[in-house]
Amino acid sequence: GAGVSQTPSNKVTEKGKYVELRCDPISGHTALYWYRQSLGQGPEFLIYFQGTGAADDSGLPNDRFFAVRPEGSVSTLKIQRTERGDSAVYLCASSLNPPSVDNEQFFGPGTRLTVL
Amino acid sequence: GNSVTQMEGPVTLSEEAFLTINCTYTATGYPSLFWYVQYPGEGLQLLLKATKADDKGSNKGFEATYRKETTSFHLEKGSVQVSDSAVYFCALSSNTGNQFYFGTGTSLTVIP
Numbered sequence: 757g758a759g760v761s762q763t764p765s766n767k768v769t770e771k772g773k774y775v776e777l778r779c780d781p782i783s784g785h786t787a788l789y790w791y792r793q794s795l796g797q798g799p800e801f802l803i804y805f806q807g808t809g810a811a812d813d814s815g816l817p818n819d820r821f822f823a824v825r826p827e828g829s830v831s832t833l834k835i836q837r838t839e840r841g842d843s844a845v846y847l848c849a850s851s852l853n854p855p856s857v858d859n860e861q862f863f864g865p866g867t868r869l870t871v872l
Numbered sequence: 214g215n216s217v218t219q220m221e222g223p224v225t226l227s228e229e230a231f232l233t234i235n236c237t238y239t240a241t242g243y244p245s246l247f248w249y250v251q252y253p254g255e256g257l258q259l260l261l262k263a264t265k266a267d268d269k270g271s272n273k274g275f276e277a278t279y280r281k282e283t284t285s286f287h288l289e290k291g292s293v294q295v296s297d298s299a300v301y302f303c304a305l306s307s308n309t310g311n312q313f314y315f316g317t318g319t320s321l322t323v324i325p
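Residue numbers (my numbering), protein chains in the order written: chain V, 757 to 872; chain B, 214 to 325.
Only chain V is shown next, with the shape it has when bound in the complex (with noise of 0.2 Å):
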């Protein structure tokens, strides 16, 4: 079956741009994760939804950043004024049950991001 999908591959923006990033999870996945993934690096939590809602978002760095999963299935995240330390990949996850401790995470290849 199909993995989960993120798009666009590529995002190339100004300093100050505003910027979504879209991610589809595999179908029937209840849990979406986001992950920034910095050069030379290890993934970084940044928020977590089961369902709808969002159930942690402690790892979002700062307001410029938010992220929304209306219908409990597709995620945006958004960046408002966005600045060249944001330039990094970002990666979206899921998973089909709630977290557990030893809950499996689905990857997406990400989407690139690069801040003029």
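To be clear, the hints were calculated from the coordinates, so they are not data collected in a lab. None of these values were measured; they are calculated from a predicted model. Backbone N, C-alpha and C fix where the C-beta goes; we use that ideal spot for every residue, glycine too. Among the clues, some could well be false.
So these bits of chain V aren't anywhere near chain B, every CB distance computed over 12 Å [as the list claims (entries may be wrong)]:
| no. | residue |
| --- | --- |
| 1 | LYS767 |
| 2 | LYS773 |
| 3 | PRO817 |
| 4 | ARG820 |
| 5 | VAL824 |
| 6 | PRO826 |
| 7 | GLN836 |
| 8 | SER843 |
| 9 | ASN853 |
| 10 | VAL871 |
Covered, in the sense of this in silico footprint (three residues per stretch, anywhere, with C-beta under 8 Å from a C-beta of chain V), are these stretches of chain B [stated by the list, open to error]:
| no. | segment |
| --- | --- |
| 11 | 247-260 |
| 12 | 299-306 |
| 13 | 314-321 |
So the derived list for chain B, only partly shown, Cβ under 10 Å to chain V, looks like this [unchecked claim]:
| no. | residue |
| --- | --- |
| 14 | THR278 |
| 15 | GLY310 |
| 16 | ASN311 |
Assemble the complex: chain V is given as a structure, and chain B must be docked to it using the hints.
The following block gives chain B in isolation, referenced to the frame of chain V:
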């Protein structure tokens, strides 16, 4: 808090060589431990996992043992292949399971 430290790369090995990638962790509670692999141009894929102390995860000839006494989860493979060339990430899950904490990744290149 939770964190993962893994050996820095890049690592270059000849085909059929023995592989070890070290991973140690700091965690509150009793996390599960994971190795994820990222092949060129692809997304992260789960390679193996272990959910409690002394468990051994294994897959595709790779294995790792959850060592609570040394807080380690080293990845090993007895004979690597060119197709194993990828970036390997060690990770642990939070007590609630909704957050993963990843190491910085180790790039492996296997040459024929």
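Quick rundown of the hints versus the structure:
At roughly 17 Å from the closest C-beta of chain B, the C-beta of V/LYS767 stays outside 12 Å, upholding its exclusion from the interface. Chain B leaves V/LYS773 outside its interface by the beta-carbon criterion, the shortest separation being 26 Å against a cut-off of 12 Å. Listed as outside the interface, V/PRO817 is consistent with that label: its C-beta sits roughly 15 Å from the nearest C-beta of chain B, beyond the 12 Å cut-off. No Cβ of chain B approaches the Cβ of V/ARG820 within 12 Å, the least distance being about 21 Å, so the stated non-interface status holds.
No Cβ of chain B approaches the Cβ of V/VAL824 within 12 Å, the least distance being about 18 Å, so the stated non-interface status holds. The beta carbon of V/PRO826 sits about 20 Å from the closest Cβ of chain B, which is more than 12 Å, so the claim that it is off the interface holds. Distance check for V/GLN836 against chain B: the nearest CB is about 24 Å away, which clears 12 Å, and the non-interface claim stands. Look at V/SER843: its CB is around 17 Å from the nearest CB on chain B, clear of 12 Å, so calling it non-interface holds up.
For V/ASN853, the condition that its CB be more than 12 Å from all CB atoms of chain B is violated, with the nearest at approximately 9 Å. Its beta-carbon lying about 22 Å from the closest one in chain B, V/VAL871 satisfies the requirement of being farther than 12 Å from that chain. For the segment 247-260 of chain B, the stated coverage by chain V holds: 7 residues have a C-beta nearer than 8 Å to a C-beta of that chain, and at least 3 were required. By the rule of at least three residues with a Cβ nearer than 8 Å to a Cβ of chain V, the coverage given for the segment 299-306 of chain B holds, with 3 such residues.
With a threshold of 8 Å between beta carbons, the proposed coverage of the segment 314-321 of chain B by chain V holds, since 5 of its residues qualify and at least three are required. Interface hint at B/THR278: violated, since its Cβ lies 16 Å from the closest Cβ of chain V, which is beyond the 10 Å cut-off. At a threshold of 10 Å, the smallest CB-CB gap from B/GLY310 to chain V is about 3 Å, leaving the interface hint in force. Evaluation of the B/ASN311 hint against chain V yields a held restraint, the C-beta minimum of about 4 Å falling below 10 Å.
Hint violations for this structure: numbers 9 and 14, all remaining hints satisfied.
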